[in-house]
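Q: So you can see what is in the structure, the chains are spelled out below.
Protein chains: 2
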Amino acid sequence: MNRQWLLAKRPYGVVGRENFEYRESPIPKIGDGEVLVRNLYFSFDPTQRGWMEDRESYLPPVPIGEPMRAGVIGQVTESNHPDYTSGDLVQTLGGWEDYFVARPGFSMMLTKLPAGADPAMVLSVLGTTGQTAYWGMLDLGKPQQGETLLVSGAAGATGSVAGQIGRIKGCRVVGIAGGEEKCAWLTEEAGFDAAIDYKSENVHARIGELCPNKVDIFFDNVGGDILEAALNHINLRARVVLCGGISSYNATSPIPGPSNLMNLVITRSRMEGFIVIDYLDRFAKAAEELTAWVQSGELVYQVDMQEGFENIPDTLNRLFTGQNRGKQLLRLGEPA
Amino acid sequence: MNRQWLLAKRPYGVVGRENFEYRESPIPKIGDGEVLVRNLYFSFDPTQRGWMEDRESYLPPVPIGEPMRAGVIGQVTESNHPDYTSGDLVQTLGGWEDYFVARPGFSMMLTKLPAGADPAMVLSVLGTTGQTAYWGMLDLGKPQQGETLLVSGAAGATGSVAGQIGRIKGCRVVGIAGGEEKCAWLTEEAGFDAAIDYKSENVHARIGELCPNKVDIFFDNVGGDILEAALNHINLRARVVLCGGISSYNATSPIPGPSNLMNLVITRSRMEGFIVIDYLDRFAKAAEELTAWVQSGELVYQVDMQEGFENIPDTLNRLFTGQNRGKQLLRLGEPA
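From first to last, the protein sequence lines stand for chains A and B. Numbered per numbering that gives the first Met the number 0, the first sequence spans residues 0 to 335. Numbered per numbering that gives the first Met the number 0, the second sequence spans residues 0 to 335.
The hints are simulated quantities; they were obtained by calculation from the structure and are not laboratory data. A few of these clues could be false.
To be verified - Far from chain A by the CB rule (all over 12 Å, computed), these chain B residues:
{"#": "1", "residue": "Met0"}
{"#": "2", "residue": "Val13"}
{"#": "3", "residue": "Gly32"}
{"#": "4", "residue": "Leu88"}
{"#": "5", "residue": "Pro113"}
{"#": "6", "residue": "Glu188"}
{"#": "7", "residue": "Gly190"}
{"#": "8", "residue": "Ala193"}
{"#": "9", "residue": "Val202"}
{"#": "10", "residue": "Asp219"}
{"#": "11", "residue": "Ala237"}
{"#": "12", "residue": "Arg238"}
{"#": "13", "residue": "Gly244"}
{"#": "14", "residue": "Arg269"}
{"#": "15", "residue": "Phe273"}
{"#": "16", "residue": "Asp313"}
Unchecked claim - These stretches of chain A come out as covered by chain B in the derived footprint (C-beta under 8 Å, 3 or more residues):
{"#": "17", "segment": "250-258"}
{"#": "18", "segment": "263-271"}
Unchecked claim - Calculated from the model, a selection of chain B residues having no Cβ within reach of chain A, i.e. all distances over 10 Å:
{"#": "19", "residue": "Ala119"}
{"#": "20", "residue": "Ile167"}
{"#": "21", "residue": "Ser199"}
{"#": "22", "residue": "Arg281"}
Bear in mind that the values here come from a model prediction, so they are computed numbers and not experimental data. Backbone N, C-alpha and C define an ideal beta-carbon position, used for all residues, glycine too.
Could you build all of it, start to finish, from the sequences and the hints given here?
A: Pasting the structure below:
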């Protein structure tokens with residue numbers, strides 16, 4: 000049996016169970032050149048909220064009635080393709096279901112995991128979130144020794160890696176996160192120089208105190224008021240790396256942008272967006288460097304592992320309530 | 000006698016005569032190495048509004064009780080400096096007064112005009128506004144043959160040159176301006192492909208119609224709603240050149256920024272600010288190319304020449320009411 004969570008209704012505001020429909024279908028059959036994959040791990044990412052909307056973006060909207068799209072790791076259970084054999088662990092952009100049929104090299108990239116790879120690491124620090132941090136920092140942020148890096152959503156899967164890459168490159172790193180526990184993790188575990196708790200502190204004032212030489216790079220996952228506060232403190236020729244804007248993803252009406260964009264003019268600064276899929280052909284190279292940093296202890300990461308097919312829809316919302324501790328994953332089972 | 004308009008009070012909202020104080024002083028005396036200059040032409044620029052505020056920017060605020068700062072062309076009437084002789088026409092950042100003492104090379108750059116130069120041309124298409132258009136377009140906008148360029152404040156001294164440089168570089172050029180007359184000038188005189196009258200048209204809808212291949216470069220002088228409308232239509236890897244934000248300069252409370260900055264992420268686009276004084280050492284090179292375009296007829300410009308010392312404060316406001324037709328200047332007199 001193939002359990003599925005289908006997108007039933009496009010969301011208005013916060014996503015709930017009513018946006019999905021649970022269905023049980025027969026396990027699909029594969030044809031020539033096809034591979035049957037059983038999903039084991041699901042990745043949860045704020046960008047999934049955007050995929051549910053019916054509007055133009057960097058990927059087409061998830062169609063109503065189709066399984067909700069998600070990054071997955073699964074195991075090949077049946078293969079009619081010469082490059083894959085039963086038992087292979089594979090990573091792809093799949094959906095919220097037990098089984099799916101892949102046509103590798105035609106309609107789908109199906110990347111085999113290296114032998115001995117840890118699926119949680121592959122989906123977090125080596126996966127899209129870690130890669131997003133890596134390319135956003137190195138290609139757009141361009142950290143230089145002695146500069147100040149400010150990161151919002153700093154305890155998240157992307158922000159925490161972005162901040163640590165800045166530290167590795169010699170920056171003073173200040174993170175913005177929600178709550179004492181996350182802030183303590185940043186300074187005590189992840190080697191951030193300082194952390195700002197946006198839930199209890201005046202972010203604008205604290206940036207001023209903690210960034211005495213102003214902000215050279217702002218790696219932003221949040222947008223809105225946090226972006227405005229950061230723009231008050233940018234240095235000459237600052238780089239604002241627009242990675243995401245989670246503060247607006249569940250908004251039911253447009254959230255005004257920062258009123259101080261003229262600071263970009265006065266400081267001759269740049270604000271730039273990017274999408275990590277543009278770097279797909281260089282993921283392997285980045286994964287090597289990220290792995291080396293993890294192995295040397297310079298780069299730490301947290302995985303928040305949930306369990307159970309029935310909990311999939313609620314797990315997505317953990318990202319928006321801030322309940323997640325690091326990379327949000329959900330495990331259906333272990334490889335056979 | 001030296002007539003002066005001093006900054007008397009920092010503005011709140013629209014600038015009025017109450018922000019300035021008229022004073023008559025003796026003509027200043029020059030010391031060793033100094034030069035006495037009589038002002039003949041004043042340049043009016045939206046950025047002057049910012050100089051009146053008491054806040055950190057790319058130049059210090061004009062002090063209360065000092066002549067209001069302005070770009071000027073004057074004539075040397077007395078010189079104790081070997082590089083200057085009486086009768087020389089010079090350009091500098093001066094103030095609203097008849098006479099001033101310059102210490103060339105020490106506290107002030109005093110650029111001699113080439114023989115036969117037209118002061119109105121030097122202060123407009125070859126001056127800071129033309130230079131702003133030139134460097135903003137070529138260094139940040141990077142126009143490519145066949146791209147679409149959208150310009151706001153398109154009939155202004157900077158916008159009109161920016162648009163024409165885009166046309167010269169092979170772009171389809173659409174301008175946004177206020178009123179039929181300005182829009183007609185853009186398409187009939189300045190060679191823009193199309194113009195949008197923001198006073199009578201739906202800017203968002205019209206950009207969509209007039210930019211069927213989306214917007215590759217948005218050269219923005221306005222900010223606010225116009226910036227938001229433009230961001231709805233940016234192409235992949237668009238460049239948003241933040242030149243100014245005149246819509247907010249007279250605001251008495253913060254004007255919300257665009258709610259759609261996430262479009263920069265989805266399209267992998269860049270928004271970047273700049274200040275033309277960073278290019279001062281290359282002004283001469285740009286002036287050569289701008290002059291050649293004017294002489295070949297590829298680049299046209301308008302000068303709005305007011306007269307009379309008593310009209311200086313009101314002339315500044317012509318920029319904010321949109322009364323100006325092209326570069327706003329005021330003439331006190333002709334060279335002796």
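Q: Evaluate each hint against the coordinates.
A: Here is how each hint holds up against the structure:
1. A cut-off of 12 Å between C-beta atoms confirms that Met0 (chain B) is not in contact with chain A; the least separation is 37 Å.
2. The Cβ of Val13 (chain B) lies farther than 12 Å from every Cβ of chain A, with a closest approach of about 18 Å, so its non-interface assignment holds.
3. The claim that Gly32 (chain B) lies off the interface holds: its Cβ sits roughly 32 Å from the closest Cβ of chain A, which is beyond the 12 Å cut-off.
4. Remark: the non-interface label on Leu88 (chain B) is consistent with the geometry, its nearest Cβ contact in chain A lying 31 Å away (cut-off 12 Å).
5. No Cβ of chain A comes within 12 Å of the Cβ of Pro113 (chain B); the nearest lies about 29 Å off, and the non-interface call holds.
6. The non-interface label for Glu188 (chain B) is consistent with chain A: the shortest C-beta to C-beta separation is roughly 29 Å, beyond 12 Å.
7. The beta carbon of Gly190 (chain B) is kept farther than 12 Å from every beta carbon of chain A, the shortest such distance being approximately 27 Å.
8. For Ala193 (chain B), the shortest C-beta to C-beta distance to chain A comes to about 23 Å, beyond the 12 Å cut-off, and the non-interface label holds.
9. Distance to chain A confirms Val202 (chain B) as a non-interface residue, since its nearest Cβ pair spans about 16 Å, more than 12 Å.
10. The beta carbon of Asp219 (chain B) sits about 9 Å from the closest Cβ of chain A, which is not more than 12 Å, so the claim that it is off the interface is violated.
11. A beta-carbon of chain A is positioned within 12 Å of the beta-carbon of Ala237 (chain B); the least distance is around 10 Å.
12. Under the 12 Å C-beta cut-off, the non-interface status given to Arg238 (chain B) relative to chain A is violated; the minimum distance is some 10 Å.
13. Chain A draws Gly244 (chain B) into its interface by the beta-carbon criterion, the shortest separation being 5 Å against a cut-off of 12 Å.
14. A beta-carbon of chain A comes within 12 Å of the beta-carbon of Arg269 (chain B); the shortest separation is about 4 Å.
15. A cut-off of 12 Å between C-beta atoms contradicts the statement that Phe273 (chain B) is not in contact with chain A; the least separation is 5 Å.
16. Distance check for Asp313 (chain B) against chain A: the nearest CB is about 25 Å away, which clears 12 Å, and the non-interface claim stands.
17. Closer than 8 Å: that is the beta-carbon criterion, and the segment 250-258 of chain A has 6 residues meeting it against chain B, so the requirement of 3 holds.
18. Check result for the segment 263-271 of chain A against chain B: holds, 9 residues qualifying (beta carbon to beta carbon below 8 Å, three or more required).
19. Every C-beta of chain A lies more than 10 Å from that of Ala119 (chain B), the closest at about 26 Å, which supports listing it as non-interface.
20. The claim that Ile167 (chain B) lies off the interface holds: its Cβ sits roughly 25 Å from the closest Cβ of chain A, which is beyond the 10 Å cut-off.
21. With 10 Å as the threshold on Cβ separation, the claim that Ser199 (chain B) sits away from chain A holds: the shortest Cβ distance comes to roughly 24 Å.
22. Every C-beta of chain A lies more than 10 Å from that of Arg281 (chain B), the closest at about 15 Å, which supports listing it as non-interface.
Hint compliance for this structure: hints 10, 11, 12, 13, 14 and 15 are broken, all remaining hints hold.
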